[in-house]
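Asker: Chain residues, written in single-letter form:
There are 2 protein chains.
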Amino acid sequence: MPAYKVTYFNVKGLAEPMRYLLAYGNIDYEDVRVERENWPALKSNMPMGQIPVLEVDGKKAHQSVSICRYLGKQVGLGGANDWENLEIDSVVDTMTDFRLKITAVHQETDPDLQAKKREVLEKEHFPFYLEKLEAIATENNGHLAVGKLTWADIYFASLFELLNVLAKRNMTDGFPHLKKLIDTVQSIDSIKKWIAKRPVTEM
Amino acid sequence: MPAYKVTYFNVKGLAEPMRYLLAYGNIDYEDVRVERENWPALKSNMPMGQIPVLEVDGKKAHQSVSICRYLGKQVGLGGANDWENLEIDSVVDTMTDFRLKITAVHQETDPDLQAKKREVLEKEHFPFYLEKLEAIATENNGHLAVGKLTWADIYFASLFELLNVLAKRNMTDGFPHLKKLIDTVQSIDSIKKWIAKRPVTEM
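Quick note, the sequences are listed as chains Z and Y, same order. So the first sequence is residues 120 to 322, counted in my numbering. So the second sequence is residues 120 to 322, counted in my numbering.
Okay, chain Z solo, but in the shape it has when bound (with noise of 0.2 Å):
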């Protein structure tokens, strides 16, 4: 088994979908919280200067929606053929262009900008999403692609922890195959049992 390290702000944010992933194949890894503070010092040993990154075997990767996909392939639930690849990661694609527009809105800091681009948010975005993920689990036998559990489904139910507090509120209120699928995976005894015993934070 090679040596796993996830370094990250002490945040759930962004890592969170590997650390599920990490959980669901029973992974022992090094979750590596940086505070605040010290990250200035470590940011230039980082491939981009960002986090999260994974470390295997000491090779560092970065660029968390490609990190999950490797994690995904390692713990037994990527797609069965190219084919099956392309439209589980079309889905987390689309998840990504959902997240952009939410953290969009939560990085303005012109008050008045913010206010219209939250309205258009929640009016425009919010449904569009929603009831395309909901029609696309409906489709997909509860879940996000191919008819069953992927990596697609590991990542939304943990992304959709950090964009229910950007959004404010829970989104999958109103759209049951999402809600039921987030449950699903938070479920799986692996998940359940690290949920359970992570570091309490608020994002």
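Simulated from the structure, these hints should not be mistaken for laboratory data. Do not rely on the hints blindly, as some may be mistaken.
One copy or two, it doesn't matter: identical chains are merged, so the pair holds either way.
Keeping only pairs whose Cα atoms sit at most 35 Å apart, straight-line, the calculated DSBU-like set for lysine-lysine is [as the list claims (entries may be wrong)]:
| # | residue 1 | residue 2 |
| --- | --- | --- |
| 1 | K235 | K316 |
| 2 | K316 | K220 |
| 3 | K124 | K242 |
| 4 | K312 | K298 |
| 5 | K235 | K192 |
| 6 | K192 | K287 |
| 7 | K179 | K242 |
| 8 | K267 | K192 |
| 9 | K178 | K316 |
| 10 | K311 | K242 |
| 11 | K235 | K287 |
| 12 | K267 | K178 |
| 13 | K220 | K235 |
| 14 | K299 | K162 |
| 15 | K287 | K312 |
| 16 | K242 | K162 |
| 17 | K235 | K124 |
| 18 | K124 | K311 |
| 19 | K251 | K178 |
| 20 | K287 | K220 |
| 21 | K192 | K299 |
| 22 | K179 | K192 |
| 23 | K220 | K311 |
| 24 | K162 | K192 |
| 25 | K287 | K236 |
Given chain Z, work out where chain Y should sit, using these hints.
Answerer: For chain Y alone, kept in the frame of chain Z given last:
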């Protein structure tokens, strides 16, 4: 050979990387270019109401980067193993981060805000991303991952046709490995032939 169809507007944009990859693989395909006035009628037929869309034997796929990863594998330009694919995927995700910084400026409708964002883009994001990508190419034998030609290189060469227009400059000026990489890709016989025969469009 499956029947391939690419549907997009009559621009290079986000479809051009897939057109390059199909050219590289000498794969015949239907190159559908939708006129803007016909788009509203077609939109609801597309998986997320967006294009580009790739069809393979009538099955639709969306999300341009996911599609390019799929096509990259079909034409033999994927990694040799999961770790190599992670390296390829992460540099492509970095290009997406860079693209989104550039398109955010392009899409800003407030002229004052746009000027401010353009200044940040030029002073911070251009040097940051271009220096990083140049360093990666220097370390990878003139390529962007795993020391040899992969779909990340094809993606880069075609994406930069769009990004240079949006950035209002030839961004590879002063970055010899990146400039040479684009030349290398565009000199591949099948891609050279595609560039010579494709519709002439600005973007």
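Asker: For every hint, state whether the structure bears it out.
Answerer: Now for the hints, and whether the structure bears them out:
{"no.": "1", "hint": "K235 / K316", "in the structure": "neither (39 Å within a copy, 45 Å between copies)"}
{"no.": "2", "hint": "K316 / K220", "in the structure": "within (31 Å within a copy, 38 Å between copies)"}
{"no.": "3", "hint": "K124 / K242", "in the structure": "between (40 Å within a copy, 34 Å between copies)"}
{"no.": "4", "hint": "K312 / K298", "in the structure": "within (20 Å within a copy, 50 Å between copies)"}
{"no.": "5", "hint": "K235 / K192", "in the structure": "neither (41 Å within a copy, 42 Å between copies)"}
{"no.": "6", "hint": "K192 / K287", "in the structure": "within (33 Å within a copy, 40 Å between copies)"}
{"no.": "7", "hint": "K179 / K242", "in the structure": "between (40 Å within a copy, 28 Å between copies)"}
{"no.": "8", "hint": "K267 / K192", "in the structure": "both (15 Å within a copy, 23 Å between copies)"}
{"no.": "9", "hint": "K178 / K316", "in the structure": "within (27 Å within a copy, 43 Å between copies)"}
{"no.": "10", "hint": "K311 / K242", "in the structure": "within (34 Å within a copy, 46 Å between copies)"}
{"no.": "11", "hint": "K235 / K287", "in the structure": "both (16 Å within a copy, 29 Å between copies)"}
{"no.": "12", "hint": "K267 / K178", "in the structure": "both (32 Å within a copy, 19 Å between copies)"}
{"no.": "13", "hint": "K220 / K235", "in the structure": "both (13 Å within a copy, 21 Å between copies)"}
{"no.": "14", "hint": "K299 / K162", "in the structure": "between (38 Å within a copy, 30 Å between copies)"}
{"no.": "15", "hint": "K287 / K312", "in the structure": "within (26 Å within a copy, 52 Å between copies)"}
{"no.": "16", "hint": "K242 / K162", "in the structure": "between (38 Å within a copy, 20 Å between copies)"}
{"no.": "17", "hint": "K235 / K124", "in the structure": "neither (40 Å within a copy, 39 Å between copies)"}
{"no.": "18", "hint": "K124 / K311", "in the structure": "within (21 Å within a copy, 44 Å between copies)"}
{"no.": "19", "hint": "K251 / K178", "in the structure": "between (37 Å within a copy, 18 Å between copies)"}
{"no.": "20", "hint": "K287 / K220", "in the structure": "both (14 Å within a copy, 26 Å between copies)"}
{"no.": "21", "hint": "K192 / K299", "in the structure": "both (24 Å within a copy, 34 Å between copies)"}
{"no.": "22", "hint": "K179 / K192", "in the structure": "both (18 Å within a copy, 24 Å between copies)"}
{"no.": "23", "hint": "K220 / K311", "in the structure": "within (29 Å within a copy, 37 Å between copies)"}
{"no.": "24", "hint": "K162 / K192", "in the structure": "both (28 Å within a copy, 33 Å between copies)"}
{"no.": "25", "hint": "K287 / K236", "in the structure": "both (14 Å within a copy, 27 Å between copies)"}
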